[in-house]
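Could you build the full structure based on these sequences and the hints that come with them?
Chains A, B and C, in that order, give the protein sequences.
Read in the working numbering, the first sequence has 164 at position 164, and its numbers run on one by one without any break.
Read in the working numbering, the second sequence has 1201 at position 201, and its numbers run on one by one without any break.
Read in the working numbering, the third sequence has 2201 at position 201, and its numbers run on one by one without any break.
If you are wondering where the hints come from, they were derived from the structure by calculation, not from laboratory data.
Incorrect hints may appear among the rest.
[Stated by the list, open to error] List time: in silico BS3-like cross-link candidates among lysine-lysine, alpha-carbon distance up to 27 Å:
no., chain 1, residue 1, chain 2, residue 2
1, C, 2072, C, 2190
2, C, 2236, C, 2109
3, B, 1239, A, 236
4, A, 236, C, 2190
5, C, 2027, C, 2100
6, A, 6, B, 1143
7, B, 1239, B, 1143
8, A, 6, A, 236
The chain contents come next:
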Amino acid sequence: MKGALKLISILSGLVLWHLVATRVVNDSSLLVSPLVVIAKGYEMMFVTAELYPHLVASSWIFLYGMLIAALVGVPLGFLMALSPVTRDYVNPWMTALYTTPRIAFAPVLLLWLGIDIASKIAIVFLGCVFPILINSFYGMRVVSREFVEVGRSFRLSGVALFVKILLPASVPFILAGLRLAVGRGLTGVAIAEWFGATEGLGYLIFFAGQTFNIPILFVGVAVFALLGIFGFQVLKIIENLATPWRKEFETK
Amino acid sequence: MPGQALRRGCLSIAGGLLLWEILTRLLLENELLIPPPTSVLRSLWKLTLSGELNRHLSATLFEFVCGFSTACIVGILLGYLMGRYRWFDDLMDPWIATLYSIPVIAFVPFIIIWFGIGLFSKIIVVFKITAVAIMLNTAAGIKTIDPVWLELSNSLRLSPWETTYKIRLPAALPYIITGMRLGVGRALLGVIVAELMAANAGLGYLLRDASETWDSPKLFVAVVLLAAMGVGSFILIRKGEQKLAPWRETAEW
Amino acid sequence: MAVPVLELRNLTKEIPAAGQEPFVIFKNISLTVNEGEFVSIVGPSGCGKTTMLRVINGLLTPSSGQIFIDGKEQKGTDGDLVMGFVFQGASLLPWRTSLKNVLLGLEGKKPPQEAGQIARSHLNLVGLSGFENHYPHQLSGGMQQRVNLARALAVDPRILLMDEPFAALDAQTRTFMQLELLRIWSQAKKTVIFITHMISEAILLSDRVVVFSRRPGRIRSEFAVPLARPRDIDIKSDHRFVELENVVWKQIEEEVKASRESSLI
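Laid out in structure tokens, this is it:
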């Protein structure tokens, strides 16, 4: 019943879109039917295969950015949670960096790092690092005081306390941070490739936008959306695998 | 102790700026790569005097405020309906989910093609971004309401209208505010992207103008102003959160 | 001849307040617990009994006074593991199975094989054989407290500190767990300090009941429980049990009334 309603909603939406495109607008530089978009997508994937270089270029930027963000964000988040002094000194800079629209940094990074892959990775990194950092921070800090007391009552050493109590307790938070970072990372990819790129999904979209090539524009946006959903789901699966105890614990 | 945190924070900012100034003065011969803070200040002063700053700032703010307030009204309304009525939720869900998972900036080209490069298209961008976040969060808040509270309202014989504004909405308020907070950041990004792509005023325009003319002090002025806007709206939301939902602990970021 | 295991000398805990009198939680507690003795501490809510248990364990530092175990002074959490602590709440680590939870205090101190054996035998002692690989969320509240107990016992502590371990359980499970604790205690033969606010629980389990005053907590009185072991549920209707329960209740009632009056002024 529930699924049926969703399906009907999607189908009727698509039909409506088709009708608006072909009967009302009827201008291929403004809107095209979903059928045209699907045909274009098929062509780009299986006939000309022109989608793949863009996909590959974007994926590398995304993965590098995420990886570096995780490598920096997790330890820094931990450090800030464990040392109030560090937190107080880092906090103002972090708040400023975090709340500033990332795109403002894009021209600056471009100026510093040039237009090759380094500046693009930096932009993705900037998008991903904060959700990861913030979640690691919270994970480490909200580890129930009781758990820490358990560790101390068993006279665990500092290292053991970190490895056996603090770290495992913050794993779900870190994973949730990574999941949040996926969306922001993809936005970062789009921003990065807009500034002086010659390939990539972001480039594809902006090039299509400027040349009013609506079908390619739609395909590009759809690929972005799919990547977002895909990345989100993959991390959710990892989350379930990595923390089998989490599921019901959460509902308590 | 909050006083100490504040003092350390100020110290950190002041120290960082000072270091930045000294390093750039000593090490760099031209200001193209990283202008010292004083050059940025001078540039800011010049822009203020010429009235240029006022023009850009008010354009961006106007777009932002218009889009955001409309999004709040529409988002809360639709979110409430989605939370209350299952069929409405099922109907909206696939489209909202799709809209939500498309990066903000992949959306902008469409808006510009359809709505032009004026104020209106930027308001639409802000609206789209914020409304979806608020809608999803409102719906979640209405849905997860503790059934005991509804039983309570039944036992007190509250009218449906009273149940809505005495029980459901206050219960969902923390969620709604979270939606707003999520929306603000993304909306600011959206407005800047839209202005960068096509506009003749606004901070995004200033950013593009500065980077195209290699005027790095001006570029930094734009960055600093955007940072100020980001931090400012963030603080406003947090203050609002404390005022509207004082029973709830507020997030640090 | 009674051999003292734990000795508290003039233990005081206060929280300094800026520009004000310090907030005194408990004051000048001196108490000796002998080998194999089961001592309960009861008192009105907020009298500092739980805080005192944390101070004894080193989780909190005392403002003054000393703690000795087997004549050796204890400072903070640096020393050897000579105390087992049974926490009140669901303090099992949710990412570890029952067995791994029990292993927490043994890892790195015993060879893995031996540690595994000890952990299993303690799960068996608390009646949880067959639940080694269950995660805490798969266990009922009573079972979680059994694991909690096994975890504290597994490190073979000189003294077991129990902080209202059954407070979160429903009435029936609670009674059942009390009887279980009697059985486990008679097998494990440990020295125990047991904190509770339930007088009948204290009497049922203990050799000695210590009554705390209202805050700042002091030892108001002590009672030896004149009931033979082994005990079972019927003992609750023994007239000596009922009398002792009444006496203790009167004292706690007085403390609660007095603290209410002083807070009204």
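Keeping to a limit of 27 Å between CA atoms, is the pair of residue 6 of chain A and residue 236 of chain A held or broken? Given that 27 Å is the threshold and the Cα spacing comes to 22 Å, the pair holds.
Would you mind confirming whether the straight-line C-alpha gap from residue 1239 of chain B to residue 1143 of chain B stays at or under 27 Å? 26 Å, holds
Are the Cα positions of residue 2236 of chain C and residue 2109 of chain C separated by 27 Å at most? 42 Å, violated
Is the straight-line distance between the alpha-carbon of residue 2072 of chain C and that of residue 2190 of chain C 27 Å or less? Holds. Residue 2072 of chain C to residue 2190 of chain C sits at ~18 Å (cutoff 27 Å).
Given the hinted pair residue 1239 of chain B and residue 236 of chain A, is their alpha-carbon gap at most 27 Å? 33 Å, violated
Would you mind confirming whether the straight-line C-alpha gap from residue 6 of chain A to residue 1143 of chain B stays at or under 27 Å? 18 Å, holds
Given the hinted pair residue 2027 of chain C and residue 2100 of chain C, is their Cα-Cα distance within 27 Å? Violated - the C-alpha atoms of residue 2100 of chain C and residue 2027 of chain C are around 39 Å apart, more than 27 Å.
Hint consistency between residue 236 of chain A and residue 2190 of chain C [alpha-carbon to alpha-carbon, up to 27 Å]: 46 Å, violated
The structure shown violates the earlier hints numbered 2, 3, 4, 5.
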